[in-house]
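Undergrad: In case you want the letters, here they are:
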Amino acid sequence: MDIVLQQLLNAVALGGTYALLALGLAIVFSVMGLINFAHGELMTATGYGIFFGIAAGFPFILSLGMGVGLAVVLALSMERVAFRPIRRASPTIMLLTSFAVSTILHTLMQNLISARPKPIPIPDMLAGAVTIGAHQIGTIQVLSIVIAAVSLIGLTLFFRATLLGIGMRAAAEDFDVARLMGLNANRVIAVAFAISGVLAGIAGILWLFQRGSVDPLMGFVPVLKAFIAVVLGGMGSLVGAVAGGFILGVVEVLLRAFLPDALISYRDAISLSIVIAILYFYPDGIIPRRENIR
Amino acid sequence: MLEVHDLRVSYGPIQAVRGVSFSVAKGEIVALLGANGAGKSSILKAFMGIAPRSAGRISFAGEAVERADTASIVRRGLTLVPEGRRVFSQLSVLENLKIGAAANRQLRGRTLENCERMYALFPKLAERRDQLAGSLSGGEQQMLAIARALMSEPRMLLLDEPSLGLAPNVVDQIFDFLKALQKQDIALLIVEQNAETALDIAARGLVLAQGRIGKEGASAALRADEELQRLYLGAG
Ligand SMILES: Nc1ncnc2c1ncn2[C@@H]1O[C@H](COP(=O)(O)OP(=O)(O)OP(=O)(O)O)[C@@H](O)[C@H]1O
Ligand SMILES: [Mg+2]
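These protein sequences, in sequence, are chains A and B.
Its first residue numbered 1, the first sequence is counted upward by one per residue in our numbering.
Its first residue numbered 1001, the second sequence is counted upward by one per residue in our numbering.
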């Protein structure tokens, strides 16, 4: 098996997961200026939704759907309960509120469920490999890439071809003028949260496929990476978030694969240095959110 | 069409509008003039429900709208073309137009037809319908901003400094077009720094100073007023 091809697929699979998470963060940030630290808990909730679905005897696919559904419900609830009342507050207050939501949720999960990882049995069907041409590729990997691609394509269609999607893009660029044109602010923000929930849910599934278990802090590391991806792509830029996610995924996988053993423990430090180097040259991110120029 | 009684707008301790009353008749063109910071934009925003309306009565087409939300005001036929154009630069020309019609479900069926109407009014926009609005020239963006507002089939249009930053010949083009809207019975309230140009097409003018109406009268009378020339119109 060609190691370069294998690593490339790893990079795309990981980058796709980061891209979905980063996109969810960017959508919410772009419409209400909120950096949602509780995004990771949406991912974790998906894990528990799937775990309890399977435990209750539902078929695997249905359980996945329940996991994503739970993330959407949670996203909409946090918007309604925690973020709507502070919509006009300063960015600092919003940020602190999202920290609070995040802490409350993961403490609840720790105390009501368990601080220990709960295993999610992956069906045998997914454990094998598929043969493409002369190559053997892990089914999970292929599936991850396909799911990430389908999600991004679906979302692109939504943003390009539906009036609601065009309205979301308008609101992401200039929320005040979108409201001035009569777009319903509550609806736009609720849709943004719902989309971020779907994306966090799908990313959660992809993450679980790799790890096979869920614990209360499952979302922490990937969402931290997604924040980095959002900054790298340009705060609030949707295309930038996706690009940032893929770049980060590629950098991490390449470092993991080709770094000499002596340096492997510095992997994250090196990949963050690369991010900082990119930001040095593109301080607003690689695809900044453009304002009206003329 | 529009009647305002004792409108006040305050941003916390700052009183931007301190009791303004006037009315605009159906199909009438009125200029709202005044120096920087006089409160012109605040008045237009208050009409649309996007500035804090601390007091006063606003009625549009015979109905009280001072507590109405922006979407319902747009649906009633009042739309603002904001200061600085504010087109959605990342959206195509066509998508910008669609957003202009988004507030009103009843218009959805006519959206494409209305887009064609806009393309007929502004042939430049027709050529660029699939381009990003951010790639248009300043004048084209102003045309798009006006066309976007017209997509909601307004009975009255509020324009906040439509000449801002545009070359004189482009300004003339835009004002010719605005004048022509009168034939469709659309009333206009035009806020302008460029008083001469606005008074050219307006029947009447209101001059705002520190949140109050200082002078008002027919355009010809305002143009001839020497004190006004000196104080507000900056032409003297
Ligand atoms: N969002 C706001 N918060 C606080 N003060 C504001 C706000 N918007 C306007 N003001 C203040 O209200 C006053 C009137 O502002 P407004 O924008 O209505 O004036 P204007 O006549 O449109 O001026 P310009 O010609 O510069 O556009 C100014 O003193 C301004 O500083
Ligand atoms: Mg103004």
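Hint data in this document are derived by calculation from the structure and do not stem from the laboratory.
Keep in mind it's a predicted model, so treat the numbers as computed, not measured.
Mixed in with the good hints there might be a few duds.
Said to hold, decoys possible - Listed below are several chain B residues computed to face chain A (Cβ distance under 10 Å; list not exhaustive):
#, residue
1, K1045
2, T1079
3, P1168
4, V1171
C-beta: ideal position from N, C-alpha, C; glycine also.
Undergrad: Among the hints numbered above, which are violated by the structure, and what are their numbers in rising order?
TA: Violated hints (numbers, rising): 3, 4; every other hint is consistent with the structure.
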